[in-house]
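Enquirer: Listed in order, the protein sequences are those of chains P and D.
Everything in the first sequence is counted per the numbering used here, starting at 14 for the first residue and increasing by one.
Everything in the second sequence is counted per the numbering used here, starting at 14 for the first residue and increasing by one.
In case anyone wonders, no lab produced these hints; they're calculated from the structure.
There's no promise every hint is true.
Identical copies go unnamed one by one, so any copy, or any two together, can satisfy a pair.
Derived lysine-lysine pairs resembling BS3-like cross-links, with alpha carbons at most 30 Å apart [said to hold, decoys possible]:
| id | residue 1 | residue 2 |
| --- | --- | --- |
| 1 | Lys49 | Lys256 |
| 2 | Lys249 | Lys24 |
| 3 | Lys49 | Lys162 |
| 4 | Lys249 | Lys112 |
| 5 | Lys139 | Lys291 |
| 6 | Lys249 | Lys356 |
| 7 | Lys291 | Lys196 |
| 8 | Lys162 | Lys256 |
| 9 | Lys196 | Lys162 |
| 10 | Lys49 | Lys249 |
| 11 | Lys162 | Lys24 |
| 12 | Lys139 | Lys25 |
| 13 | Lys112 | Lys49 |
| 14 | Lys162 | Lys249 |
| 15 | Lys24 | Lys196 |
| 16 | Lys196 | Lys25 |
| 17 | Lys162 | Lys112 |
| 18 | Lys256 | Lys25 |
| 19 | Lys291 | Lys49 |
| 20 | Lys249 | Lys286 |
| 21 | Lys139 | Lys249 |
| 22 | Lys196 | Lys256 |
2 protein chains.
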Amino acid sequence: MTGREEGLIRKKVAELAGVSEATVSRVLSGGGAAVKEETARRVIEAAQQLNYVPSALAQRFALRRSGNLGVILPMLPKVNLFSTYYFSEVLSGIGMTAKQRGYDLLLLFREPDEPRNYANLFRMQKVDGCIIIGAQDVPSEREALAELKEGSHPFCLVNQRFEGETYNSVDADQRTGSSEAVKHLLEQGCRQICFLNGPSVYSNSRDRLEGYRQALEEAGIPFLPERVLLGNYSRKSGYMQAKAIATLMREQGIDAVIAANDRMAIGLLQGLKEQGIKVGEDIALIGCDDSDVVRMTDPPLTSIRVPFFEIGSEAAAKLLDAVAQASGEETAVSPFEIKLPVKLIERPSSMFDESMNA
Amino acid sequence: MTGREEGLIRKKVAELAGVSEATVSRVLSGGGAAVKEETARRVIEAAQQLNYVPSALAQRFALRRSGNLGVILPMLPKVNLFSTYYFSEVLSGIGMTAKQRGYDLLLLFREPDEPRNYANLFRMQKVDGCIIIGAQDVPSEREALAELKEGSHPFCLVNQRFEGETYNSVDADQRTGSSEAVKHLLEQGCRQICFLNGPSVYSNSRDRLEGYRQALEEAGIPFLPERVLLGNYSRKSGYMQAKAIATLMREQGIDAVIAANDRMAIGLLQGLKEQGIKVGEDIALIGCDDSDVVRMTDPPLTSIRVPFFEIGSEAAAKLLDAVAQASGEETAVSPFEIKLPVKLIERPSSMFDESMNA
Chain P
14 MTGREEGLIR KKVAELAGVS EATVSRVLSG GGAAVKEETA RRVIEAAQQL NYVPSALAQR
74 FALRRSGNLG VILPMLPKVN LFSTYYFSEV LSGIGMTAKQ RGYDLLLLFR EPDEPRNYAN
134 LFRMQKVDGC IIIGAQDVPS EREALAELKE GSHPFCLVNQ RFEGETYNSV DADQRTGSSE
194 AVKHLLEQGC RQICFLNGPS VYSNSRDRLE GYRQALEEAG IPFLPERVLL GNYSRKSGYM
254 QAKAIATLMR EQGIDAVIAA NDRMAIGLLQ GLKEQGIKVG EDIALIGCDD SDVVRMTDPP
314 LTSIRVPFFE IGSEAAAKLL DAVAQASGEE TAVSPFEIKL PVKLIERPSS MFDESMNA
Chain D
14 MTGREEGLIR KKVAELAGVS EATVSRVLSG GGAAVKEETA RRVIEAAQQL NYVPSALAQR
74 FALRRSGNLG VILPMLPKVN LFSTYYFSEV LSGIGMTAKQ RGYDLLLLFR EPDEPRNYAN
134 LFRMQKVDGC IIIGAQDVPS EREALAELKE GSHPFCLVNQ RFEGETYNSV DADQRTGSSE
194 AVKHLLEQGC RQICFLNGPS VYSNSRDRLE GYRQALEEAG IPFLPERVLL GNYSRKSGYM
254 QAKAIATLMR EQGIDAVIAA NDRMAIGLLQ GLKEQGIKVG EDIALIGCDD SDVVRMTDPP
314 LTSIRVPFFE IGSEAAAKLL DAVAQASGEE TAVSPFEIKL PVKLIERPSS MFDESMNA
């Protein structure tokens, strides 16, 4: 259809619907101010009667592009989501890369008990690809991901693996991180090391535990399940374990704790202080994430630096490659499972004086 | 058109385009997996020839709804955007309320020198309403906002006013905040108070300065422009002013500084420490935002608590009321200019010993 033909038919649509041509343009091309629902319906009906599919609309559907990169996030109760270092960094990395590639970011908050209807986002053309943060290894999640894969919808997991499945993912080498933490503590003269982990629905929890177990065994120190305590990655859950740690110190001579994230480590630090226990003197403590606050605690916390910004950035870059491939613009992109390295950052919370080891 | 009629015409479209009926459904209703661009175009052309506007598509355009709440954010160079307390809190508040109202959040990052083409977001049906964070009082911003208003596109500013314009906005009472900070310092015995402000393109900077000036004058203390220093709200810009403050302490007996945000206050604290100046003893220091880190600095920082989460939440709630009104679902919503109260939280950085005042 030429521009002139399109102009003529729009005029007819306007007459039939009893509205101005400007209104027809607004409804059918989506330009200008909003139009009342009833008016819009009248225009659409007139267009249908007159055999007219506006080309802007046709194009949109032909291209099947939203220009949006979806990010699915858990809506954590009583937590201001973006205030947590983890989500902030990952999202910043995703946002920066999406922007460079000309994509906007659609944030999709998921309530804990809400159905995981991820494939619908693609069916409704809300997103061209999606990154899933905080995925859990539970049946409903596995189902939703299987549906995405079956529909060939491009998606990528961040910091999560599913045993037996090969999904696109970008993760950190958490296993090596925990191993390095154990080795560092052994060098400081520690021998009785506890591990404060998060829930095992996150593969990162399982990986960290595995690294801890393996490093102990390599050093000829038996792995004792009762030295693995459980929190839920919140500060409070770390704080709540202070009494248990104090008891283990008295009864079993525990001399170090590795916490699976900084928030639990900071909570534990506070709890231990209240018990009169000095971290960095009476006991060593290591966190994980190397978030911005660990430099400011007293004492500053040794922590495993995880490149969250880079994880987000890499996930967005690889996923948008896959999106381009799915829409036929690029040659095939192989599925990807990327693991970025982590690094132990030593600070006073785990640096014992020579005198202590004497 | 009945469901049966629609089925028949879809069959014809499929024949004409030389594809399966399932493919026609996928293209025209947006269900299932993506379809190659060329195939989609063939289906669209066949539908046009056969006088067929699929009802799902018609409905979408009739309703003119994206289900997205847009959030326009500055892409700050070299800053991980979400790591900053301000953006994190505001976004969490917006996200929580949007979710409750059934909206998704579309984040739109704006480069500093990028054209501010906000109205296009509505024309392209990417958003139903939009919140603008970090708006600056510069001509291009004023133009873009005027265009939004002219097009009756629902929008809301956060923490920004434009003199001479009445735009929907949610803000904090920064003026009273600075006034309270000055009064608190006067009670502590301080008399020579500096103000470290941010750029005046932000109305919040101007409001804070005005509160400082007014409280001084009410106390009969002259306002001296040379005691107002300028940063850019970054930590580094606060750090850079430490030498200037040290000089003012020696030469003019400066005994307190109010910084217009916590990040500058923390930078200044670090800089002063390096100069051998003890905050809370040699000089009082007050920040603004009451971000999570001010409890952890040494000494902990007195700061003006700004309810950023509530600001975001309120902005989203009022804006979505306006969106409902614009689409004719609700009776008229008046334009809103909301100011939420702030509160001074006292900590050791500004609490002088009695002995000091003796």
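Enquirer: Indicate, hint by hint, whether the structure satisfies it.
Expert: For each hint, the structure was consulted:
In this homomeric assembly, Lys49 and Lys256 never come within 30 Å of each other (Cα to Cα): the closest approach is 63 Å inside a single copy and 61 Å across copies. Taking the shortest Cα distances, Lys249 and Lys24 never come within 30 Å of each other, neither inside one copy (66 Å) nor across copies (61 Å). For the homomeric pair Lys49 and Lys162, the shortest alpha-carbon distance between copies (17 Å) is at most 30 Å, but the shortest distance inside one copy (39 Å) is not. In this assembly of identical chains, Lys249 and Lys112 lie within 30 Å of each other by CA distance solely across copies; the values are 26 Å between and 36 Å within a copy.
In the homo-oligomer, the alpha carbons of Lys139 and Lys291 never lie at most 30 Å apart, since the shortest distance is 52 Å inside one protomer and 54 Å across protomers. For the identical chains of this complex, Lys249 and Lys356 are neighbours both inside a copy (26 Å) and across copies (26 Å), given an alpha-carbon limit of 30 Å. In the homo-oligomer, the alpha carbons of Lys291 and Lys196 lie at most 30 Å apart inside one protomer (22 Å), although the nearest pairing across protomers, at 39 Å, exceeds that limit. When the C-alpha separation of Lys162 and Lys256 is checked against a cutoff of 30 Å, the pair qualifies neither within a copy, at 46 Å, nor between copies, at 59 Å.
For the identical chains of this complex, Lys196 and Lys162 are neighbours neither inside a copy (40 Å) nor across copies (62 Å), given an alpha-carbon limit of 30 Å. In this assembly of identical chains, Lys49 and Lys249 lie within 30 Å of each other by CA distance neither inside one copy nor across copies; the values are 50 Å within and 51 Å between. For a Cα distance limit of 30 Å, the shortest separation of Lys162 from Lys24 across copies, 28 Å, qualifies, whereas the shortest one inside one copy, 45 Å, does not. Proximity of Lys139 to Lys25 under the C-alpha cut-off of 30 Å is restricted to the inter-copy arrangement: shortest distance 28 Å between copies versus 32 Å within a copy.
For the identical chains of this complex, Lys112 and Lys49 are inter-copy neighbours only, at 25 Å across copies versus 33 Å inside a copy, given an alpha-carbon limit of 30 Å. For the identical chains of this complex, Lys162 and Lys249 are neighbours neither inside a copy (37 Å) nor across copies (46 Å), given an alpha-carbon limit of 30 Å. Taking CA atoms no more than 30 Å apart as the test, Lys24 paired with Lys196 passes in neither setting, with 78 Å inside one copy and 68 Å between copies. Taking CA atoms no more than 30 Å apart as the test, Lys196 paired with Lys25 passes in neither setting, with 79 Å inside one copy and 70 Å between copies.
Proximity of Lys162 to Lys112 under the C-alpha cut-off of 30 Å is found in both arrangements, the shortest distances being 25 Å within a copy and 26 Å between copies. Taking the shortest Cα distances, Lys256 and Lys25 never come within 30 Å of each other, neither inside one copy (79 Å) nor across copies (74 Å). In the homo-oligomer, the alpha carbons of Lys291 and Lys49 never lie at most 30 Å apart, since the shortest distance is 67 Å inside one protomer and 64 Å across protomers. For the identical chains of this complex, Lys249 and Lys286 are intra-copy neighbours only, at 14 Å inside a copy versus 32 Å across copies, given an alpha-carbon limit of 30 Å.
In this assembly of identical chains, the alpha carbons of Lys139 and Lys249 never lie at most 30 Å apart, being 37 Å within a copy and 40 Å across copies at closest. For the homomeric pair Lys196 and Lys256, the shortest alpha-carbon distance inside one copy (26 Å) is at most 30 Å, but the shortest distance between copies (43 Å) is not.
Violated hints, listed in ascending order, are 1, 2, 5, 8, 9, 10, 14, 15, 16, 18, 19 and 21; each of the other numbered hints is respected by the structure.
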